[in-house]
Amino acid sequence: MSKLMKDTTIATVVAIVDDLTQDWGLDTDSPSGATTMVVADLEFASVDIIQLCVALEQCYGRRFGFQDLLMKNGSYVGDLSLGQLAAFVDLKLNTEGAVL
Amino acid sequence: MTVKTLFIGMDGATFTVLNDLIKPADGGPVMPFLARIFEGGVRAKLRSTPNPLTPPAWVSLMTGRGPGHHGVFDFIRAEERGDEVFFTLYDSRDCRVETIWSIASRQGKKVAALNFPFTAPPPKDLNGFIVPGFVPWRHLRRNSYPDDVYDRLKTIPDFNAQELAWDFEQEKQSGNELSDHDREQWVSYHLPREKQWFKVAEHLMSEEAPDLMAVLFDGVDKLQHQAWPYVDPAMQTGELSGFHKRMRDLSLGYFRQLDSFIEALVTAAGPDVQVFFASDHGFTASTEIVRINAYLAEKGYVHFRELPDGDAGARRDNSYFAYLDWHKTTAYCRTPSCNGITIRVARNPGETGIAPAEYEAVRARLIRDLEDLKDPDTGERIITEIHKREDVFPGAAMKDAPDLQLVLRDFGFVSVKNILPVVEKRNYPIGTHHPDGVFLAYGPGIERGKLLGRRHITDVAATLLYSLGLQVPSDFEGVVPPAMFSAEHKTAHPIVVGAPTLNGLNDAKIEAMDEDEKRQILEQLQLLGYME
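Residue numbers (my numbering), protein chains in the order written: chain A, 1 to 100; chain B, 1 to 532.
Possibly wrong hints are sitting among the right ones.
The calculated DSS-like cross-link candidates involving lysine-lysine, where the alpha carbons are at most 30 Å apart (straight line), are [said to hold, decoys possible]:
{"hint": "1", "chain 1": "B", "residue 1": "K4", "chain 2": "B", "residue 2": "K195"}
{"hint": "2", "chain 1": "A", "residue 1": "K72", "chain 2": "B", "residue 2": "K328"}
{"hint": "3", "chain 1": "B", "residue 1": "K154", "chain 2": "A", "residue 2": "K6"}
{"hint": "4", "chain 1": "A", "residue 1": "K6", "chain 2": "B", "residue 2": "K328"}
With the C-beta cut set under 7 Å, the calculated list includes, among others, these residues of chain A facing chain B [stated by the list, open to error]:
{"hint": "5", "residue": "W24"}
{"hint": "6", "residue": "L26"}
{"hint": "7", "residue": "Q51"}
{"hint": "8", "residue": "Q58"}
Pulled a few chain A residues facing chain B out of the computed Cβ check, cut under 10 Å [as the list claims (entries may be wrong)]:
{"hint": "9", "residue": "K3"}
{"hint": "10", "residue": "M5"}
{"hint": "11", "residue": "D7"}
Everything labelled a hint here was simulated from the structure, so no lab data went into it. Glycine included, every Cβ here is placed at the ideal spot set by N, Cα and C.
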């Protein structure tokens with residue numbers, strides 16, 4: 001099991017984000033949480049969002065189909081909170097279960 | 001422990017240039033150490049994959065299998081979903097067959113693979129090290145293996161992840177026409193990058209001495225895309241401008257530096273090491289732009305979508321993939337790098353495209369139409385080769401390949417833009433990929449000063465495993481070139497074909513993907529937004 005896997009999904013998402021951004025030199029006032037926005041607060045570019053999705057998939061050992069979250073009505077969403085990401089992962093885990 | 005096998009990848013290296021750089025010149029050859037390798041080793045042209053492009057070619061080199069088996073055809077993977085086509089990026093999880101890193105590793109050999117594309121995310125059970133290529137610096141830590149290697153690299157004096165890693169904004173320029181200033185910057189940008197990779201290789205080799213030490217210098221390709229007129233020996237005639245001379249000096253400086261890195265690595269590896277060099281493809285000059293989708297639109301296969309106004313339209317126009325009306329389009333080229341045509345077949349109710357029963361007839365007509373694209377002045381065909389996918393991509397992954405693979409008369413990559421004329425002369429020649437790369441070998445047990453006939457890119461994987469003292473998997477397409485090694489060496493170390501690779505390595509994932517086609521479409525969706 002990944003060392004980043006925590007008791008709750010949001011805690012796992014936060015742990016992965018903290019791990020991902022540890023070298024970025026971000027100037028953030030407060031620790032990441034459910035309301036943290038990946039673009040506005042963490043300065044994610046689109047490539048960083050993709051890497052976060054891959055990291056989540058690796059942590060849980062399955063693919064989540066993040067396009068359902070990242071794309072609305074044919075357009076890419078502008079920003080996402082960590083809470084939204086965690087809720088999406090929860091939804092997928094609850095409806096489809098873990099694969100590996 | 002000592003390094004047994006050293007592999008140095010040189011992305012895009014070609015004998016067209018290297019033969020010139022090893023020649024004696026005023027003050028000696030530009031690449032004196034490589035000259036020694038030529039003299040004391042074996043070399044051969046290396047035929048690339050049907051589309052001589054980084055993703056399929058390097059993955060073939062690392063797996064000993066063609067794209068029809070490993071399933072990586074391009075940088076970008078497209079999935080049709082209703083009346084939309086989503087574009088995703090390939091990553092290591094899309095490779096369906098085992099790599100040499102894994103094959104060697106599970107047989108007890110320690111490996112180090114530096115800067116190779118499609119090694120991210122890395123496997124979890126490797127005996128050794130992976131620092132992947134084609135990954136932005138902010139994600140190098142997470143995509144390197146093992147977990148502590150990134151912190152170890154940070155202890156190397158002057159280590160700079162931002163200099164080392166792939167920068168997408170920079171790379172987008174490689175196929176574009178740039179200003180003189182930008183071209184000069186482009187070449188300069190790659191000098192410190194290569195030095196960073198050299199330092200990492202040097203560090204891991206001295207600290208870990210892996211059985212297989214492999215490092216890829218990809219600046220050769222990047223430089224040649226924009227600096228081809230300054231490195232191609234055939235283009236150094238007549239009166240040369242000051243800018244030309246400056247660019248040539250800068251480019252030769254790059255190769256001079258590369259030669260010093262090669263010498264340092266080979267020397268550090270010791271006299272008992274077998275050294276191999278290979279490129280994923282060669283290089284040549286592209287002199288014209290071929291707007292393939294514009295041509296297919298003239299023939300009625302492609303229907304462009306109108307670009308939105310403002311920034312969104314500009315981003316779309318600048319994107320790497322086709323922006324089309326999917327209700328009406330029946331055959332199109334997805335990306336400039338694929339050099340292929342995809343026929344849209346409506347396999348399920350509600351899908352757009354041609355009926356399955358029409359496929360053969362449509363494809364035959366399409367081939368004829370592509371053959372008809374000719375130079376109005378000479379009558380010469382613009383598209384010199386048109387391959388059906390079953391002929392060039394046999395294997396379980398063939399269904400993901402373009403239906404037709406094209407080769408242009410100047411080996412250039414197509415444009416997917418909605419611009420006329422269909423064929424237009426470039427303002428200046430740019431470098432493009434030629435199917436013949438390079439393969440060299442040097443060291444104990446290897447013949448000396450020998451030029452072999454053309455080999456295939458899949459042979460490299462077989463050769464590296466053989467050099468490590470391992471059997472060549474029976475399902476490899478590549479083979480060990482027997483003439484590369486001395487008779488004594490082959491007697492002492494017979495070439496043995498053994499158990500097949502661990503096929504099915506990714507089968508669980510692939511199966512899940514197939515069953516869940518709609519959900520697996522865009523794992524790297526946002527990156528493509530970035531690229532737009």
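Okay, the hints, checked on the actual structure:
| no. | hint | result |
| --- | --- | --- |
| 1 | B:K4 to B:K195 | 23 Å, holds |
| 2 | A:K72 to B:K328 | 23 Å, holds |
| 3 | B:K154 to A:K6 | 28 Å, holds |
| 4 | A:K6 to B:K328 | 49 Å, violated |
| 5 | W24 | 6 Å, holds |
| 6 | L26 | 10 Å, violated |
| 7 | Q51 | 5 Å, holds |
| 8 | Q58 | 6 Å, holds |
| 9 | K3 | 8 Å, holds |
| 10 | M5 | 14 Å, violated |
| 11 | D7 | 22 Å, violated |
Consistency with the previously given hints fails for numbers 4, 6, 10 and 11, ordered from lowest to highest.
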